[in-house]
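**Q** Here is what each chain is made of, one letter per residue.
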Amino acid sequence: MNTNKKDNVCEEEVYSNLFRANSKTVFNYIYYKFGNEEKAYDAVQEAFVKLWENCAKVAPEKAKAYVYTIANNLYLNVIKAEKVRLKHADKVNNTNYESPEYLMEENEFKEKLDSALDALPENQRTTFLLNRIDGKKYAEIAEMEGVSVKAIEKRMHLALKTLREQIDGI
Amino acid sequence: MQENYLAKWLNNELTEAELAEFKKSDEYASYQRILEASSTLEAPSFNVESALEAVKNRRTLQESKVVQLKPFKRFLRVAAAVIIIMVGSYFYLNTLNDTISTQYAENKEVVLPDSSEILLNADSEISYSAKKWDKERNINLDGEAFFKVAKGKRFTVSTDHGTVAVLGTQFNVENRKGFFEVTCFEGLVSVTFNNKETKLPAGTSFMVIEGEVIETEKPNTTTPSWMNNESTFRSIPLKYVLDEFQRQHNVQVETRNVDINKLFTGTFSNTNADLALKSISVPSQIKYRLEGNKVLFYAENAP
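Chains as they are written, first to last, in our numbering: chain A, 1 to 170; chain B, 1001 to 1303.
Read the hints as simulated data drawn from the structure, not as lab findings. None of these values were measured; they are calculated from a predicted model. Worth double-checking, as some hints may not be accurate.
Quick look at which bits of chain A chain B covers, simulated, 3 or more residues with Cβ under 8 angstroms [stated by the list, open to error]:
no. : stretch
1   : 25-34
2   : 129-135
3   : 158-169
In silico DSBU-like cross-links for lysine-lysine, where the CA-CA straight-line distance does not exceed 30 angstroms [stated by the list, open to error]:
no. : chain 1 : residue 1 : chain 2 : residue 2
4   : B       : Lys1262   : B       : Lys1278
5   : B       : Lys1056   : A       : Lys62
6   : A       : Lys64     : B       : Lys1056
7   : A       : Lys112    : B       : Lys1056
8   : B       : Lys1262   : A       : Lys39
9   : B       : Lys1023   : A       : Lys136
10  : A       : Lys154    : B       : Lys1278
Ideal placement from N, C-alpha and C gives every residue a C-beta, glycine not left out.
With the hints as constraints, model all of the structure from the sequences given.
**A** Here is the structure:
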C-alpha cells in the first residue's frame, strides 16, 4: 500500500514534491533559452498540468524528464527575441573594502558579461547558466536537453571561450 | 590539452599537469574572473508554492471540463428510458384492438383487412385486432351492425349476449341492453347463446329479449331496414323502439304514464324525426311533446 502510494504521480504528495523539486529549474531553463519570464512561467504550468493529466502513465522517476520535454516542446518554434537579464548578487562581505575605482571596473565587467551571455547561442547559454546558477551537473543537463554528456561539455567549453573572447574584446 | 578542457576545468577533471599549464596561460585570469562573476548570478525570482497553487487550480479547472461528460451520460440514461418506453408502448399498442364507434344518429362503413364489410348503426362500437386478423377473424360488437363477410376462415362476432360464427355471408347483429337479435340474409349463421348453438339459415332471425329467446317472423327484406334509413319492428316492446328512436335521432326520450312493455309493430324513419314521432305515437295511441332536444311521450288521457 505504502510503496504503491509513493510509486504513483497521481498521489498529491508525490506530485507536490516533484513540483517543488523541479519547477524552479524548468522555469530557469526556459528563461535562459528565451529571456522571457512569462513564457517560462507558462511552461512550468503547462508541463505540470500535462504531468497531472498523464500521472497514471508517467512513473515518478521519469517525471523529471517528462516535464522538461513538455516545456521544451512548448516553444520549439519560438526564436529568442528578448534579452536575458540576470541579477548580480552583491558580495556583502567585500563592499566595504573595495575602492570606488575597483567597484566601477567590477560593474563594467558585469555589464560586459551580461551582454556576452545574451549574445551566446541559446544552447550554450542554457548549458552555462544551468551549471553556474542551478549547479546542474553535465549529465543532468544532457538529460534535460536530450543530448550526450560530451555535447554538453562541448557547449560549456565553447560558452566559456566565447564569453572570454567577447569580454576581452578579441 | 584535452578536448573541451574548459568544461573539464570547471568540473575539476583536469590533470595536475594540464591545470598547471592552463594556469600559466594568458587567458586563465579572464576565465577565473568570468567564473567568479557568474557565480553570483541569479535567475528571476520564482515562487514555487504560488506556482504550485496555480497549477492545482488549473488542474481542477480541467478536471471540471471532464465532468461535463456527465450531463451527456444523464442524457443517455434519459434517452434509453424514452426508447424503452417507446418500444414498449409500440408493442403494447400493437396488441391493442382497433376500435371504431358511432355516435347517436350516425352510421359508418368499415372495410376489414380481408375486405369484409361492416355497416355500423348509430351508437355502436366494434373492435378487432388488425394484426391478428389473418389468424382469427374476430369482432367484438356493442350495438348494431350489418356484416357482409368475405369467404374464408371462420368469422366470429362476439357480444356480451352470445357469439355469432359464420364462414361467409351477410347478416345483421343487434346487441343492445337486454336485447339481442341476429338476422341472417344470406348463407348460414351459427349463434351461440347460453352455450346453446342455433343455426340460422338465410331469411331467419334469432331474438333474445331480457334473456328469453323469442320466436320471430321471417324478415321479408334482403338487408336490415336501418340500412334504408328506417327502423322496423315486429312485436317488439315499446321501450326498445323508443331506445332506437333516441339513437337514430339523437333526441332524449322521456315517458309518462306510458306502458313501455306494450308490443309495437311498425316502421319509423331514421331521417325525419317528426315523421318518426308520428309513426310511433299514432299506432301506440300515445301523445308526444317535442321540446328542443327532448321528447316526452305521455298517455292520451293523462294531463
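**Q** Run every hint past the structure and note whether it holds.
**A** Do the hints match the structure? See the list:
1. 25-34: holds (count 4)
2. 129-135: It holds, with 5 qualifying residues against the three required.
3. 158-169: holds (count 6)
4. Lys1262(B) x Lys1278(B): Distance of about 17 angstroms is within 30 angstroms: holds.
5. Lys1056(B) x Lys62(A): Distance of about 20 angstroms is within 30 angstroms: holds.
6. Lys64(A) x Lys1056(B): Holds, at roughly 18 angstroms.
7. Lys112(A) x Lys1056(B): violated (41 angstroms)
8. Lys1262(B) x Lys39(A): Measuring from Cα to Cα gives roughly 109 angstroms; hence the hint is violated.
9. Lys1023(B) x Lys136(A): Holds: Lys1023(B) and Lys136(A) sit about 25 angstroms apart, inside 30 angstroms.
10. Lys154(A) x Lys1278(B): violated (128 angstroms)
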